[in-house]
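> The two chains are supplied separately, each in an independent frame; assemble them into the complex guided by the hints.
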Amino acid sequence: MKVIDDAVIENVSILAKLELSEDEKVQAKLDMEKMLEYIDQLDELDTEGIEPVIHIFPMENVFREDVVTNGDMREMILANAPEEKSGMFVVPQTFA
Amino acid sequence: MKILDHTAVELSERIRQGEIKVAEALEAVFAQIDAREKELHCYVTLMRENAWEQADLIQAGIDAGNLTGPLAGVPVAVKDNMCTEGIRTTCSSKILEHFVPGYSATAVEKLRAAGAVIIGKTNMDEFAMGSTTETSYFGVTKNPHHTGYVPGGSSGGSAAAVAAKECFAALGSDTGGSVRQPASHCGVVGMKPTYGTVSRYGLIAYGSSLDQIGPLAKDVRDCATILEILAGRDDKDSTSVDREQMIPGKDGVKSGEALCAGNDFTKALQEDVQGMRIGIPRDYLKDGLDPEVRTAVLTAAEVLGQKGAFVEEFDLGLVKYAIPAYYTIASAEASSNLERFDGIKYGYRAAEAGDLHAMYKKTRAQGFGVEVKRRILLGSFVLSSGYYDAYYLKALRVKALIKKVFDEAFAKYDVILGPVAPTTAPKLGESLSDPLKMYLSDIYTISANLTGMPGISVPCGEDKAGLPIGLQLIGDCFQEKKILRAAYTYEQAIKADAGSQNGRG
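Protein chains in written order, with the numbering used here: chain A, 1 to 96; chain B, 1001 to 1505.
Bound conformation, chain B alone (with noise of 0.2 Å):
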């Protein structure tokens, strides 16, 4: 098996073995960067030289008997909206195109922690905003499979990067579906964890209620693996929770399920979806889903119907709610965040610009692209006196009717299957133009913020066009466990069948 080929669990058993040396996986990863890159355009920056320095230093770690774990050794990449100590970390923005972070996020930490190679920082829509990684200063991702359709977003190039092998894993945040959204573009699997599970330390803030960072991989097992070692209650993240320690009933855990909400996700990873009650919102099936989706997204139901799982169709209501809800509260809580880029203390700042004030105004204008100024002018506006009440808090309080429509399918399914988006990747160019269709395609992934719930894309197809298409599985606050479970006995059963049609053949 060549290197490439291998998971990233896979691959660091064999380094861990002695088979593999951590710089043979570093050198077939450049490599591949070589061939693919100029094409694909995964990277705003590659760390070749850092990367190195890590790779002698984590294998005499390994060699040594101190890294033990799952990740040991390998290279994985990191969206570029998470600060990396000394490495430039830009945001795919101009007003950071400079800006060198005196520190790591959390999660990059953790990374490093477990022995990980980070070999570079990937290309994403500016400041997270923007479902295709168009709105990047630093130009377009495409998508490894079609290089004429976008990779989705906003972590595209995490994504892309993981199907084109010039990374086996990579990080990426998902605001309203920028990471399950891009991994069902590219056929990886992309998961948002719960609210408060992994840090957001470090995280470049777009919308802090509903930022989390989340693993994009090759394989269901990589991705509760990266997990595991991501999560856990961080005193820099007042957000973020110790998922061991809560109370049934209490802490947003319902009763009888606290052991569900522990950090051990790769114990999840078992075959059997037996007598597990799964909800599709029928909702999610009507108007404006591409018919190839929708069979593929069907087909896979059935497939976890023959393995056991009580499968239904149900009304989960409010779904047309939830894009205006999301981008009232979003482009809110992104004009706070974004007021801290100024051009004093870092980043881009105009040339000439007059006094203070002026400063200011043409620093932005000048920094930020087209997308951010139209979220920064509608946050500003729903948050200002005389509009406050009738655009941000109506949203809040829609965004409670959402929770509760969500709490009522949860009390019947543990786990509600969908689309994560109602088309395959778009044609580079076709969404720019008209930004609130380009909202219209979140619809299936953004109540999982909104709500602060978990999900999942895995693989589940391709259209006429060979576009991969992603199938989504949602569950209750810290449920993690049981759409893992269910996305892993998918993942399995899929393989099982290629296995025994190529046989056949």
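Only chain A is shown next, with the shape it has when bound in the complex (with noise of 0.2 Å):
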């Protein structure tokens, strides 16, 4: 079985970009061992030689022009802004 200790709850979090309490990280631990205790049933399977499938038909990439359809939504798209000035979304400080 796996054990998920504080630091692999630590950086998951912060890959999450989630913030847990000292309760949820508790709770989080055990979710997470439980699932992946489950999870670890996949090992009975051998998989030597087999390609992982994300899409389960052939795809490529598919080019096209990059044409313009939509018209100006910017009042639209500012009026769901949680904070917005001039025009512009408004951040929080990013560097002291």
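Mixed in with the good hints, there may be bad ones.
Keeping only pairs whose Cα atoms sit at most 16 Å apart, straight-line, the calculated EDC-like set for lysine to aspartate or glutamate is [to be verified]:
hint	chain 1	residue 1	chain 2	residue 2
1	B	Lys1345	A	Asp66
2	B	Lys1320	A	Glu37
3	B	Lys1437	A	Glu37
4	A	Lys34	B	Asp1434
5	B	Lys1320	A	Asp40
6	B	Lys1404	B	Asp1315
7	B	Lys1362	A	Glu19
8	B	Lys1320	B	Glu1371
9	B	Lys1437	B	Asp1287
10	A	Lys34	A	Asp5
11	A	Lys25	B	Glu1371
12	B	Lys1404	A	Asp46
13	B	Lys1320	A	Glu19
14	B	Lys1236	A	Asp66
With the C-beta cut set under 8 Å, the calculated list includes, among others, these residues of chain B facing chain A [what the hints assert, rightly or not]:
hint	residue
15	Val1319
16	Ser1335
17	Arg1340
18	Gly1343
19	Ile1344
20	Lys1345
21	Tyr1346
22	Leu1356
23	Ala1365
24	Gly1369
25	Tyr1388
26	Tyr1391
27	Leu1401
28	Lys1403
29	Val1405
The hints are simulated quantities; they were obtained by calculation from the structure and are not laboratory data.
Every residue gets a Cβ at the ideal spot worked out from N, C-alpha and C, and that includes glycine.
Written out as structure tokens, the structure reads:
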């Protein structure tokens, strides 16, 4: 069984951009251990030489001309912003 | 016949013949919503005013002879993870509580172009993560057949709304069974088409390689009719496919099957399963399957046998590996897709959160619910350096193996028949305490998502408590018409049987 230690939870919460309370960290550890133990069943299968499949159908890059089809949606888009100033998105301080 | 008792196709026919006005249909459906919605909570957002405006335009279009399609004038609902221009779209999440999209999903546009009246956005599990609609930020939806039970999920609001006649049909999305399973639990017909059949443009992504939009409807005819309207290649979704142009032996269509691949799904509504080969995976009938569900499903198989299909049980294999492979892949894709919710351009932002990085973490911590966070964390883990090969790539390799066992099965059979879910709808509040147990209930539906195959859920009886049971028919990729034909044949046989029994009584 995989043991998920505090360092793993810390790292994953950084990757996931989620702030976890101490209680949530404990719960996340338990949940993840239980789920990974279950997922480890996959190791019973020999997948040597099997190519990983992302898309079921053969897909290639599809190229096309970059044509503008939508109109001006500036107001609509800005209306959804949590904070907006002079037609721009306001973000918190990014460096000290 | 009361307006609400019509199927979508019947209603549109009567509207187009001038026997019913669009406004009357809308009035009937809103009266039903007034009567039942408080108890059931199928909708996150009702679009009353907007619907009345649409109704006037659509009535005018019908009167002018411009709207002649089979859905013209029909009030329908849309799951709240599909963007609707100017109408808030929440994914049943706090993080999108006030989000108003500037454009509509292609599927929504197609419904509108067909003259359907969109009346509201239905409740769902948050970001479609869940099997009961209980993870919604806006509260649970109740099963119309018994309000002590869940409607299934994640498209639980859509399924319940159709079952409660709070709309005539609805759109759902299916990433691991989220159309078929609630359809089964609510006693309606639900279908997930082959991956790529319906454009995902404007569908807020959960697991992009698995997500498909599908109809929830009162019967198989409505289901095929709606799918025919939705299907088609869309330049805005590069994974959507042009089924009309497929080349046999390539593009995922097997040789000799090209004629089946087109979008004319209603042509498959024929009572004819003569010589159709139907396989029942023995692995689907084993431990964990409720005996009442088992009996109902096997009885349905017998009906198809009596209609001339060749039905037998067989060993599919690898069934138990589908769930761990699925949850690895779906969580990985979810963790990536949900990165966009960062509190900058739209959605919830945590107040006074400090610097940018702290704001991201607080916004997401406060904006997402427990199940969504659980999957984002798991997904971030399986994609992280040092675990990527062992978990994520391993799951993608197992997916290849699962695809192979289904390819072998479809070399022998036209259709795979089985249950939709191991049990009928669980009681409210029973599922969330043990997520793994909830995941296990997806066992019969997730393979169709992993392999891209179409599946349909058709009502096939009810249990002692009066809760509906669903029959699932799975087809090979692009073979919707086979499962539609089998589903239609079954439905007609059951109707005829019920009719003759009523006649005797």
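> If a hint holds in the structure, say so; if it does not, say that too.
Hint check:
1. Restraint check: the Cα-Cα separation between B:Lys1345 and A:Asp66 comes to about 24 Å, which exceeds 16 Å; the hinted pair is violated.
2. At roughly 14 Å between alpha-carbon atoms, B:Lys1320 and A:Glu37 fall within 16 Å of each other, so this suggested pair holds.
3. For the proposed pair B:Lys1437 and A:Glu37, the alpha carbon gap of about 14 Å is at most 16 Å, so the pair holds.
4. For the suggested pair A:Lys34 and B:Asp1434, the alpha carbons sit about 11 Å apart, so the restraint of at most 16 Å is met.
5. Straight-line distance between C-alpha atoms of B:Lys1320 and A:Asp40 comes to about 12 Å, which keeps the hinted pair within the 16 Å bound.
6. For the given pair, B:Lys1404 sits about 14 Å from B:Asp1315 by alpha-carbon distance, which is consistent with the 16 Å threshold.
7. Of the supplied pair hints, the one linking B:Lys1362 and A:Glu19 holds, its CA atoms being roughly 6 Å apart against a limit of 16 Å.
8. Of the supplied pair hints, the one linking B:Lys1320 and B:Glu1371 is violated, its CA atoms being roughly 22 Å apart against a limit of 16 Å.
9. Between the alpha carbons of B:Lys1437 and B:Asp1287 the distance comes to roughly 14 Å, so the proposed pair stays at or under 16 Å and holds.
10. This hinted pair checks out: A:Lys34 and A:Asp5 have alpha carbons roughly 13 Å apart, not beyond 16 Å.
11. Restraint check for A:Lys25 and B:Glu1371: the C-alpha separation of about 14 Å stays at or below 16 Å, so the hint holds.
12. Among the hinted pairs, B:Lys1404 with A:Asp46 is consistent with the structure: their alpha-carbon atoms are about 14 Å apart, no more than 16 Å.
13. Between B:Lys1320 and A:Glu19 the CA atoms are separated by roughly 34 Å; this puts the pair beyond 16 Å, and the hint is violated.
14. This hinted pair checks out: B:Lys1236 and A:Asp66 have alpha carbons roughly 12 Å apart, not beyond 16 Å.
15. Against a cut-off of 8 Å between C-beta atoms, the interface hint on B:Val1319 is violated, since the closest Cβ of chain A lies about 12 Å away.
16. Interface restraint check for B:Ser1335: the shortest CB-CB distance to chain A comes to about 6 Å, inside 8 Å, so the restraint holds.
17. Because the beta carbon of B:Arg1340 sits about 11 Å from the nearest beta carbon in chain A, more than 8 Å, this interface hint is broken.
18. With 8 Å as the threshold, the beta carbon of B:Gly1343 comes within range of chain A, its nearest partner Cβ sitting at about 6 Å, so the hint holds.
19. For B:Ile1344, the suggested interface contact is upheld, since its CB lies about 6 Å from the closest CB of chain A, less than 8 Å.
20. A least Cβ separation of about 6 Å between B:Lys1345 and chain A falls short of the 8 Å threshold, and the interface hint therefore holds.
21. At about 4 Å, the closest approach between the beta carbon of B:Tyr1346 and any beta carbon in chain A falls short of 8 Å, and the interface hint on this residue holds.
22. Satisfaction of the interface hint for B:Leu1356 is found here, the shortest Cβ-Cβ separation to chain A being roughly 5 Å, below the 8 Å cut-off.
23. Interface hint status for B:Ala1365: upheld, as the beta-carbon distance to the closest one in chain A is roughly 4 Å, under 8 Å.
24. Hint status for B:Gly1369: violated, given a least beta-carbon distance of 12 Å to chain A, over 8 Å.
25. A hinted interface residue such as B:Tyr1388 counts as satisfied when its beta carbon comes closer than 8 Å to some beta carbon of chain A; here the least separation is about 11 Å, so the hint is violated.
26. The beta carbon of B:Tyr1391 is positioned within 8 Å of a beta carbon in chain A (closest approach about 7 Å), and the interface hint is therefore held.
27. A cut of 8 Å between beta carbons decides the hint on B:Leu1401: the least distance to chain A is about 6 Å, and the hint holds.
28. Because the smallest distance between the Cβ of B:Lys1403 and any Cβ of chain A comes to about 7 Å, under 8 Å, the interface hint for this residue holds.
29. Annotation: interface hint on B:Val1405 violated; nearest CB of chain A at approximately 11 Å, more than 8 Å.
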